[in-house]
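Taken in order, these protein sequences are the chains called A, B, C and D. Quick note on the numbering used here: the first sequence kicks off at 1 and runs consecutively. Quick note on the numbering used here: the second sequence kicks off at 1 and runs consecutively. Quick note on the numbering used here: the third sequence kicks off at 1 and runs consecutively. Quick note on the numbering used here: the fourth sequence kicks off at 1 and runs consecutively.
Hints should not be assumed to be uniformly reliable.
Distance condition first, Cα-Cα at most 27 Å in a straight line; then the derived BS3-like pairs of lysine-lysine [as the list claims (entries may be wrong)]:
(1) A:K154 with D:K509
(2) A:K2 with A:K97
(3) B:K65 with C:K94
(4) D:K388 with A:K267
(5) A:K20 with D:K388
(6) D:K388 with A:K17
(7) D:K879 with A:K64
(8) A:K408 with D:K624
(9) C:K91 with B:K88
(10) A:K29 with D:K509
(11) D:K284 with B:K65
(12) A:K267 with D:K137
(13) A:K267 with D:K624
Calculated directly from the structure, the hints in this document are not laboratory data.
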Amino acid sequence: MKYSIFSLARAALSGHKNWKPTWRDAAPKDRYDVVIIGGGGHGLATAWFLASEFGIRNVAVLEKGWIGSGNAGRNTTIIRSNYGLPGNTGFYELSMKLWERMEQDLNYNAMVSQRGVINLYHSDAQRDAYARRGNTMRINGIDAELLDQAALKKMMPFLNFDHARFPVQGGLLQRRGGTARHDAVVWGYAHAASELGVDIIQNCEVTGFTRDANGKVTGVETSRGKIGAGKVGMAVAGSSSRVAAMAGLRLPIESHVLQAFVSEAIKPLLPNVMTFGAGHFYVSQSDKGGLVFGGDIDGYNSYAQRGNLPVVEDVCEGGMALIPMIGRVRLLRQWGGIMDMSMDGTPIIDKSPVDGLYINAGWCYGGFKATPGSGLVFAHLLARDESHKEAALFRLDRFQRGAMIDEKGQGAQPNLH
Amino acid sequence: MRIVCPFCGERELGEFTYLGDAKPQRPAADAGEDAVYDYVYLRDNIAGVMSEHWYHGGGCRAWLKVTRNTLTHEISAVEPAAGAGAAKVGA
Amino acid sequence: MADFSWDVRSPLDRALVAGAYGAQGDAGVSLTEIRNFDLVQVMARRGKAGEMAKAAKARFGIAAPETRKAVGTSDATLIWSGPDQFLVLSKGGKHGIDALAPVFTGSASLSDQSHARVLISVSGEKARAMLAKVSSIDLHPDVFGVGAAAATSMDHTSVTLWRNNDRDGQAVFNLLVFGTFAESLWHTILDSAAEYGVTISHSEELA
Amino acid sequence: MRGNQANRLAAGGLVDRSEEISFRFDGKTFFGFKGDTLASALVANGVRLVGRSFKYHRPRGILTAGSEEPNALVELRSGARREPNTKATTAELYEGLDAASQNRWPSLNFDVMAVNQLFAPIFVAGFYYKTFMWPAKFWEAIYEPAIRRAAGLGRAAGLPDPDHYDKAWAHCDVVIAGSGPAGLAAALAAGRGGARVILCEEDFVLGGRLLADGGTIDGLPAAEWVARAVAELTAMPDVRIMTRTTLFGVYDGGTYGAIERVNDHLPVPPEHQVRQRLWRIVAKRCVVAAGSIERPIVFAGNDTPGVMMASAMRSYINRYAATPSRRIALFTNNEDGWRTAETAIAAGLQVAAVIDARPDVSPAHRSLASKGGFPVLHGSVNGVDGGKNGVRKISVSLTGGARAEVEADGLAVSGGWNPAVGLTSYHRGRPKWRDDIAAFVPDGAPPGMIAAGAANGAFGLGACLREGFEAGAAAARDAGRSGSTGSMPVANDEAFSLMPVWHVAGKGKAFVDQQHDVTASDVELAQREGFQSVEHLKRYTTLGMATDQGKTSNVAGLAIMAAVSGKSIPETGTTIYRPPYVPVAIGAFAGHHRDENFHATRLTPSHHWAAEQGAIFVDTGLWKRAQWYPRAGEKDWLESVTREVKAVRGGVGFCDVSTLGKIDVHGPDAGAFLDRVYINAFSSLAVGKARYGLMLREDGIVYDDGTTSRLAEDHYFLTTTTAKAGLVMQHLEFCRQVLFPELDVQLTSVSDQWAQFSIAGPKARDLLKEIVDPAEDLSNEGFPFMGARAVKLRGGLKARLFRISFSGEMAFEISVPARYGEAMARNLMIAGKPFGVTPYGTEALGVMRIEKGHVAGPELNGTTTAADLGLGKMMSTKKDFIGRVMAGREALVAPNRQVVVGIKPTDKARRLRSGAHIVPKGETPGPDNDQGYVTSVCFSPVLDQWIGLGLVERGRERIGEIVQAHDPLRGEDYDVELCNSVFYDPDGGRQRG
């Protein structure tokens, strides 16, 4: 059903008794043209693009728990396209353009808020690295501005300019960057995909793959029975290695815990999204009023979805060092998500060595902003059996060929990306 | 998390640095590119009990082999790397 | 021919201001920097732990610590600093690197650390309360008794910590910190101790 | 007494009437007593309206007496110390306390935003997902700002926090959360047993519910028993009692987080003291005796000021001698609620009626009713008639369908009790449902943790003491303490009978989550729209996401969800519990590490000397390094740096390079070891010689570089870059201990042992002769380029001397023990006077390395190979080394890679900037012709123009080509020439000379 202020007003008259479910809670059919494992943002977006862009509507999205129960529902909701290396730059901008039309595409308000994302620099070397990156963005038609300290003082007078261990010198600003309401993105894609006939099947855990004589994947075994599939796509960041292992694959990925935090809700305090350049801290304020912030991963392999105190302290130290006015704001809740940390910090969207199985993985902690772009290029790969041009470098074999896309220059050490 | 360093006793997480899975062994010089690729890039990424390399850089600077459950963070064993405390070897 | 002198300066030369600091009244913490000492790192060679131990016994008359302990002789303190290694703390060159080199030939590798570290002695009835702010290890008397030693970190900086003999009924903790971090860590320690009141001094004598 | 505390009882309570305290709420002055909370003082003064709700701005009062409070949130203090969303129920009263109500305009009493209530029919759960979509541009411009302004209750200070915080570690056998009967009993058992105990109590007095509910323990009145227990515990040296301290989280390995509000009960912290302290408590065992939280019942108007939890009402009357209401009605579905009627009567208050949902009540209570002269109505409250000034009338639907009305100015509600299952559930353990008490109890607690007493669903006083005592004794035993635990305190168990009632149908809004204005119909709507998982329910309605994390609302919410979806409550399940148990100030987690103390600071041995010279310092990692030494009359940094460079190139200068990582590599296999970690050979290096070395990561990418010297057969002195010093040490230890344990090699960091100075320039040797012992041969023959040896200095000081050059001039690096570093700087100035010696900083160092084409940080960026840097020939083919195999991968040896090349603007007056990209001349810049970028730049005094290094596609094959420097960020486009990266003295004659 169509959402608008009018339908809302109409519904109010009848005490909101007539709303239908936002998406159909479907039961599995015997067979689908495409089965997508993972009912997160990426999986649901992929299903919607398959149905809307490529006309493939006999699609199922299988979710082990409730949709959005993975990283889609645990992230810090930042969207941006300020990447510096070929492969990333174009892809994330493709995604950004899709964010900009998401509400109209989906008829669902995901609260996409282009309030600006600024990466602060604290040294000449950092400034130079940002200049290089910002110029890459501009060359690729992406908005970017290099701000000096004076401009920053105007824009964010609350930053610690006077007593900082590492004084802020300026920042790289992308005004089109910002935030979106993470759960609403999941529900919006579920809503729109469901309207186009996609089956969204919750509480359906994949336990194995069915293969034919040639080893081609012909479907999946699940906690709700066998489901046949022309093609199977996996979008299960955090658990990619576990699902791939069911098909006998080892991936260049480690699972790590990334913690995130939210403060008590307060009246508007922070105007945009900011990232500390001399410590592990980034923050934005949600429309509900909480400061949503985070920092670095805990640094050890983990599937526990919870972290430890040293990182909580490290992140809050960064916060206080950068914004001393948040000292009395209270941290309300801490949680953790499982990150698919790849060996170069860049995702993998490719056919797998196993015929019929397609991989969408390795998002590290950058998966949320990629949601629409990931959905489009993965749908493209599933529909056409060839990479979308903006995902052509996210190949699985790039590590064998030495064609890594390593923004941080940390090499095959996932916990440093 | 607390790790019982075989040399220093129980210490808090902040004194240690993580490297990763201790299972992959560095291939011999003549093993070839595929073997080294596998060693450098591919991981079992175990959900469960895993043997890992940790460095006690904030303490005695020993490299350790820690057996830890990645689902619960529970640590079941810690032993020194082959070259930590090697002065006792054969002595 | 220019004439000039080689005067020695501790990394705390400027930061350390002798006297009282922080809260008024009886000081709960007393901090003393001990200056100008010899410190040698002794690391056994592969498979030579036994020989190193023999050499140490012969030189110092006591066994070098093989576990987290500090042992003292009349003119040296041997402090465990990790597997197969210990530090020799002394004064006046008697156990300096040149003197010890021949002692451990073939059994251990020696490295001079005399100038790499700053030695701070912490005591007072609030010493443990203050140290609890910068050290994550358990300093309860039953756990960290006289002669206990630890290679650990304070404020993310490596330190060697050991407990000396008590002085007038109170525990004394000795702290070897890296020289280039010393001023920074010193200020952190002062901030941690301020609420208890501090007396600050420096000395040429090994406690 | 100055104040007229109208609702304060004449006697009783734990407040200290001898200490009257004045405080302000919304600008009006009131008085209370020491021992009050802000809430109890407001109650004593008859203040009922304390806040406005989140969405509808409905008037709200005080619901509870603890940290579960959803409504009575205030802005405490003012100016830079303003604390939004502070619970009046836990804020300790102090002289001059200043608090303001939140989320209202212009005033609490008259709040125009209350107009929102008119739109209530539209403002249902999730309404914003369905609208505000057109036109797209309007979201940031209009809709979102309006929503953001409306959201959030209190206002943060908006000024730097002036208070200090610190953090500390504590270690014990048993940590106990809560000092009620179970907590005190646990502490007694564990303490007597000989355990090291830490007892955390978030309140400022010990006793928990005993403070409000009393009782008899070991034949003593509860208060007296508590006093004795506390006295006994205080006498135990290894028992530490921490009041005003909340255990908020449990982490791996028995690490617990606790927050101590050291000075929040004072207007400002005393000098040298912190506001709050974060504790990391390491404990072998943990006893959770955090009690339980009484739960509301959801009915229309249940948010009216004057509606209060029954137990909270007892707290205010018994503990604070303050009466929330004069004529009280009680709505209960369980035995325990009746205590409030008893309390009210004992306090001489009127009981209007008891509405009990259960079919029958005990004879004792019947006689209480007749004595008290109030009716017992069997049924449920289904509506409250009242407003911002409180409750007037209560409507009751009686069992059997009849209706009744009760006149009362206060309504006490008891829907039963929920054990505080937070701490026990933080490791993803899910609490389990118990039908007999209709509540979730702990299950799957983290290792070493056990819940006792009400926190474990044992609600009787006797049971609390028993469970607490046994848990404490067991914890001590598990920790290896075998002392005798003495006798267990005993008390009677009250009867407990409850008939679950979650939601009573009625007209008007019935609130589940009062702070977030989530109503029963919102829960039903969520279910209707398919948000049936409890996590979906929470996220769609925001149920339980407010500052109380749903302590009073979660269970009721999922009970209602269960009812509408036809599932049982356990089937419906709970959401994931997350720490902290109570919100914790961000400043406390940061502690001492803020402002200049954010990170440690490393100082070079000559730092204070350089400061005296007026050096400008730059942060490199943790180091402060002299960047340049300005002189009077110099107009900018460039003029100073240019002078320093010219002084070196024309005479002699020196620079403190002690920040380089320095490592002693000892042992018979030291050479073999270095052969494996460097791409080039070191076993072949002669004693007395230095060599430049390059290290790769195992993936074939350059890791670090530096010169390493052989001081003896079995002793090398290795240097690393400043940036990588610590990491290289870790990497080398990994190689030594893990990869090559068979090698006999030892590593020691000597970074802090040596003060190292670079002495560079044509007159370097002349200056050095003044410093070193005349007996030392410094001639080119006696000490040639790349020589390395120990030398004696004038005055006998021992030093190490290296003939290495980063500047391209004849240069030496000299190392002296660090405490002589400052003397060395002074002596170089004295001895160098005749030669015009000039100290230079990192900028001049950088200029000279660029002029010489030496690569550094910007080129060693973690993606470049040895060949990219022009150092491919260094890779030995005769040995294995780290990174050898992966370095050969196709894409890493591709012909079109971006490689290091020199770059200079064709217009000599033009400034070159790092970060500018390189595109072919005449082409329009785009993704397809973006061929590289400028990595490092400087103004070269020698060439009298800006020059730089860059990483450019096939750069070395294109020397002489004119290309375009494209810098849209700074709006610049200009021509540059690709040139040899060695701009100065390419054949190296000067450094060998």
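Structure-based check of all given hints:
1. A:K154 with D:K509: 46 Å, violated
2. A:K2 with A:K97: 24 Å, holds
3. B:K65 with C:K94: Between K65 (chain B) and K94 (chain C) the Cα gap is close to 40 Å, so the pair fails against 27 Å, i.e. violated.
4. D:K388 with A:K267: 24 Å, holds
5. A:K20 with D:K388: Distance of about 37 Å is beyond 27 Å: violated.
6. D:K388 with A:K17: 30 Å, violated
7. D:K879 with A:K64: Distance ~51 Å between K879 (chain D) and K64 (chain A) Cα, so the pair is violated.
8. A:K408 with D:K624: 24 Å, holds
9. C:K91 with B:K88: With Cα atoms ~30 Å apart, K91 (chain C) and K88 (chain B) exceed 27 Å; violated.
10. A:K29 with D:K509: Judged against 27 Å, a Cα distance of about 42 Å means the pair is violated.
11. D:K284 with B:K65: With Cα atoms ~24 Å apart, K284 (chain D) and K65 (chain B) stay inside 27 Å; holds.
12. A:K267 with D:K137: The given pair, whose Cα atoms are some 23 Å apart, holds under the 27 Å limit.
13. A:K267 with D:K624: 39 Å, violated
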